[in-house]
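Asks: These protein sequences, in sequence, are chains W and E.
First residue of the first sequence: 1, per UniProt numbering; consecutive thereafter.
First residue of the second sequence: 1, per UniProt numbering; consecutive thereafter.
Calculated directly from the structure, the hints in this document are not laboratory data.
Heads up, a few of these hints could be off.
Within a straight-line C-alpha distance of at most 27 Å, the following computed DSSO-like cross-link-like pairs (lysine-lysine) qualify [claimed, not checked]: (1) W:833 with E:75; (2) E:325 with W:300; (3) W:781 with W:738; (4) E:325 with W:836; (5) W:288 with E:173; (6) E:176 with W:288; (7) W:919 with E:176.
Derived CB-CB ranges, DEER-like [unchecked claim]: (8) E:32 with W:839: 49 to 55 Å; (9) E:229 with W:730: 29 to 35 Å; (10) W:57 with E:110: 20 to 26 Å; (11) E:110 with W:866: 27 to 33 Å.
Here chain W is said to cover these stretches of chain E; the calculated rule only asks that three of the stretch's residues, wherever they fall, bring their Cβ under 8 Å from a Cβ of chain W [as the list claims (entries may be wrong)]: (12) 120-130; (13) 325-339.
Note that the structure is predicted; figures quoted are calculated from it, not measured.
Even for Gly, the Cβ is constructed at its ideal location relative to N, Cα and C.
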Amino acid sequence: METQTHKPHRPAQSGSKAEKKGKGKQKTGFNEKAFAPKSGRRADRQARRNVERDEARLHVPLVNRTPDDEPPPVIIAIVGPPGVGKTTLLKSLVRRYAKQTLSEAKGPITVVAGKKRRLTFIECNSDLNSMIDIGKVADLVLLMIDGSYGFEMETFEFLNILQAHGFPKVIGILTHLDLIKKQATLRATKKLLKRRFWNEIYQGAKLFYISGVLNGRYPDTEILNLSRFISVMKFRPLVFRNTHPYLLADRIEDLTPREEIRTSKGRCDRTVTLYGYLRGTNLRQSTKVHIPGVGDMDIKTVTKLGDPCPLPDADSEKRRKLSEKKKLLVHAPMSDVGGVMYDKDAVWINVPGNFTRGATDVPHGEGERMVIDLQDVDETLEETVARSNIRLFGSSSNPLTVDTRHHDGENSYGGDDAEESENASQGDSEFEEEEEEVFSEDEQDDEGSGEEDEQFRTGPLNTGRHAARTIVRSTHGFSSKEKEEGDVAFADSDSELGLSDDEGRGRAGEVMYADDEKEILSDDEEEFDEDNEDNVPAWKSGLAAKASAAFEELNRRKRRKDWVAMIYSSSLGPEQIAHGAGTPGVKPDEIDDDFFRVNSSGATNQDDLDMTKEALSLGALREWEDEGVLDSLRTLFITGDHDGGEADQEMNAHENPEGADLVDLESRKAHPALTEFEGIDAETRALIEGYRPGTYVRIELASVACEFIEHFDPCYPIIVGGLLAAEERMGYLQVRIKRHRWFARTLKTNDPLIFSLGWRRFQSVPIYSLDDHSIRMRMLKYTPEHMHCYASFYGPVALPNTGFCAFNALSGETVAFRVSATGVVLDIDRSTKIVKKLKLTGVPFKIFKNTAFIRDMFTSALEVAKFEGASIRTVSGIRGQVKKALNKPEGAFRATFEDKVLMSDIIFLRAWYSIQPRKFYNPITSLLLSDKSRWSGMRLTGQIRRDEGLKTPLAVNSTYKPIERPARRFNTLKVPKKLQAALPYASKPKLMKPQSKQTYMQKRAVVLEPEEKKAIALLQQIRALRKDQIARRREKQQVRKETHRKKIQKDEAKDAEKEREKKKVYMRAAGMKSKREADVEEGRSRKRRKT
Amino acid sequence: MESRSLVNFSGHQYLRQRLVLSILTGKHVRIDKIRSEDKDPGLRDYEVSLLRLLEKVTNGSVIEISVTGTAVLLKPGVVSGGPVTHDCPLSRSIGYFLEPLVMIAPFSKKPFQLTLRGITTDDNDLSVDLIRTVTLPHLQLFGISDGLELRIKRRGAPPEGGGEVQFLCPIVKEVKTVNFVDPGKIKRIRGIAHSVRVNPQFSNRMIDASRSVLNRFIPDIYLYSDVYKGDESGKSPGYALSLLAESTTSAIHCSEAASSPGEAPEDIALLATRALLSEIRHGGCVDRKHQSLVLLMMVLGSEDIGQCRMGEPSVRTVQFLRDIKIFFGTVFNITPVDSSNTELLYSCLGTGYVNVNRSLA
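Looking at chain W on its own, in the form it has when it is part of the complex (with noise of 0.2 Å):
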């Protein structure tokens, strides 16, 4: 039986079976027919559709002005709400890039990530304001999702934030992945949430996921991804960034002299300086620049400082074989790097030592605290002694005083020791009063100097700023050495002029006479190296050429340099330089030092004309009746000595240019710059072209508030973002805005509301309108329902076509959705054209044929006077037209209709108001503020009123009664007899007396044949037993069906108790289940809100 073998299944090889085999195995493949257009029609569709969607993709080429060689580093913004692992992240990714542990990640953190790569991580707290400031500068988002939890409500309003500023790369990362068990709802949960990103970014959008959290960090693996992901991204310049410098300031220092800040006790306006990689196009010393959340500043200085993060170079390259050290670059100024500190121009390194501030969990003897607490003194022993009231004796009444009168007439101390004393003489004569409150007072001081200190010890700023550092290398020689460099330019550009009379620029200019001598030498030593190779008495041959042609170059490039530094830094008047420029003769030096010099441009010019032409003579233009000078311009001409061929080339050469115009585009871009100023020294290229994106710079800002510097929280990132010449300017902008379908609320006109455009955050009053028929704009006083509407509000200038967000409140505790709208700007005006209806009512009081007299309407015949000609309406539709004024009764008119119109009629005439958004404009400061979420800006009347306490006043006019409206009543219709009777007929009213006598059909008797009172006697019977048989089936039916319905209550009962029972066991399983889930959360404690 084992053996038994089956004889195989042959299949068929020929006939309809194996033919029908053959074909379905073709079949499996890519069927091309089912995509096969079926009609002609539906051809067409398709192909349009395609080339739709082919042109969709097409973008407006955009000119990348960030310059290739040396990029500034890429921000990257790690997003997300709290608790879902931005710290976490931050963290491991800078281990992965710099192989460096932070303590404490604060403000931006630059690490070098490849060669021509720099990244700058930021993380982003969950304020909106830091949202949407991050939102404008980052390069590449990190939005980061808790996935056991799902999205929240900061991560779309993120995203919206994002789409209103021009969207920059979003890559998704899910955390917490390991707090879902179950391998099946994990599954889901990923698809579900990639699901929804997509949505919201686009389909394909790059999402991570990531694990768990090991030693504190992300899974080296995922992060390392995640950073392979990060180094190939490329990025498309965004319209508004690339018309905008600015930079992410990742150092901040105050500059204010010490001494300032101590007299006006810290309120004295600030000079700061910020730090950081210039981005999007070249600053410009003379760039106006917005702090958002600070305001407008003028910047005071620019200057261009050493790479603090370089990008690895040749050079770098073979230093970084020796010691592998130097790749962990990371430029983190603001948070604590492995104890190094930057500090106003000097690094201070951390060295943990006894009396070292940071370690707070060892416990301190009496001696180090007391150390310690030296550093936190801020004021001399001198101040202290004069301030502090020692008391010889425990029993004398009288503090000993220090006076210091004395001081005050040698050096101004400031108002505070001078009242300090004074308080002290006084104490002097009326010590017995003052005695008792003196002494409380100084107790007052000590506790709250106590309570200073400790703020001191547990405030933000303490924690690593005020240890005990040791200054290790001061950065005051580079930057001396920077200055050094900048004299030398200065006095090249300067030339030998010699305008200022300052000491220091004329060595200065010394120094650049040497570097051209030393320019020249060099050249020529070149020249002798190369000859040398030939034979070497040669050099001496082409000396004397030699030296003609350098100083010909030496004296071309003193022509040069003047041209610049005359138009530009000296005091010649134009005419000067333009008619001197040749002959150089006129020697500033000399025009200097005339004392009394004739005030050229008081007396001189007193008739000259501002004109185009210069004036033309005979006489001056005499030479050109000389043949020879005739001459000389033939070359010029195309018929001069030259060969055709020549001028045909050029033409050539010129037409080519403008016709790859449009072409090359792309690659055209900073082209003549790289060259063209190349041979320029760094200060005169600076003011010439700027600072070019990638430099890292130092900017000075004078007068800034000092609750800047003093409530500064480097968790809130600092944006310098430069402004355009026109976005200096106030103005009305008109904005096509459209409520967000999110938004709870509608939007009312004349309601504050918080603006996020361009670089600022500001909040504005706008007024919406909506385009009447292309005839006029006229208001809304709520924003449309799914539909866009324009607004107008008064603000500063933004150029049109700019997106912008808005919000109604900015804090964090609103529930809700708080992107209210989002919108561009369409035009910028002095003036806006809106208007709003009114309706102005009047009553006839006399009406003739088609004329009637209007009353209270109008107040005044001048008014009356204004509007005539204008028209009117009934509320009936007859229309009509304003004639003139009447004397009698003050405001009434004569106006005629085109029809007659009642009494009872109401008249209006509908106006147009024009109506001007209010000159409202308050920039949020919330930079400015200790607590920054907390900034409040003008409120609504109802909040006031909710605030306060108050009622609404209600107007008598506005309750609302019930109506009552008389029946109206109409007379009936007499025509008197005499008129009657002269009436034609047919016009004769037709009224008859009710007909008194009966009529055939009324008064007729009927009578029923015996047949016919049989047969309804029949048929009445027959109805009648119908009757009855119909009443008893129906009783019958009714018993039938109550037995039924009895029969149904009772399944209905046994099915309710069954579910019951179901329920009861689901849900106590339920509930156990989430307890124990409850059980193992309670580990970590998140606050969050809900979706």
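Position chain E relative to chain W; hints supplied.
Replies: Chain E alone, transformed into the frame defined by chain W:
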């Protein structure tokens, strides 16, 4: 916010360019000591008229003139454009008013339709012929071309004027960066000899005189005789010759001379011709009368390097460069083209000026 945006100047000179720069940048400008030392202090009638005209073409401008007329404060509004008509005073020609407006017009809200009445040609400012044939082609370098037109409806010679021109200018979003470094060789010479209310033979005489000098250089010379008659000829007699030389790279040099009482047409023609020759000798791609226009447009260009080769700067140009630095912060790099000649290469990084006034609605 306004502290830095106020720019102060003194003196009546260069008033036009300062007003133009103020309007373009939006910076307030205050000009004082206007002829304060003069016997007749304060603004002249044509300057006041220019201020009026600027007020007409802008929306929201505030112009304050001091009681004595020696100080002006301009708070510029937005350039609105549209149809505007202005009667120019007879003390200056239309060119005085048209030159600053040519600089402003491309950056307005609505396309300019400006009608100016007055003197069309005089000795001080560019005549309408030159503006039409030379100034407007310069704007084409910067991508302002479609719909750019100057129509000479009527001619008006000094002193009585009576001319009328219509200036149409399209609006642009931004101007192109120019790279004009090849002056080329002069390939043709064109000219307009016009005469009003004089013997029509006058213009032919001018043409003959001019040809006597120019014929030696190039055969491609067309000098049009443009005689206006009747209502179109204005109120006063006069004649003038305007010449322009165009190179292979369409660099244009121009000159002109207008009649003054008692001067023969031949003299006028010689004056214009010789001025043209000295202008040609001056070299560069742009002639001296249009240096400031080209430099301004270079500054307003996109944020790339613009280059242009020109002769040495005129007096007005020097001050214009200084004023540009004050208003825009832009500094030009001016280098000699080569050691042998006096031509200079002006290069600057454009400010990326965008026409903010242009509305999308």
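Asks: If a hint holds in the structure, say so; if it does not, say that too.
Replies: Verification of the supplied hints:
1. W:833 with E:75: holds, 21 Å
2. E:325 with W:300: Distance ~16 Å between residue 325 of chain E and residue 300 of chain W Cα, so the pair holds.
3. W:781 with W:738: holds, 14 Å
4. E:325 with W:836: violated, 46 Å
5. W:288 with E:173: holds, 22 Å
6. E:176 with W:288: Holds. Residue 176 of chain E to residue 288 of chain W sits at ~24 Å (cutoff 27 Å).
7. W:919 with E:176: violated, 36 Å
8. E:32 with W:839: 49 to 55 Å: The hinted range 49 to 55 Å holds for residue 32 of chain E and residue 839 of chain W, with Cβ atoms some 52 Å apart.
9. E:229 with W:730: 29 to 35 Å: violated, 53 Å
10. W:57 with E:110: 20 to 26 Å: This hint is violated: roughly 35 Å between Cβ atoms.
11. E:110 with W:866: 27 to 33 Å: holds, 30 Å
12. 120-130: holds (count 4)
13. 325-339: holds (count 11)
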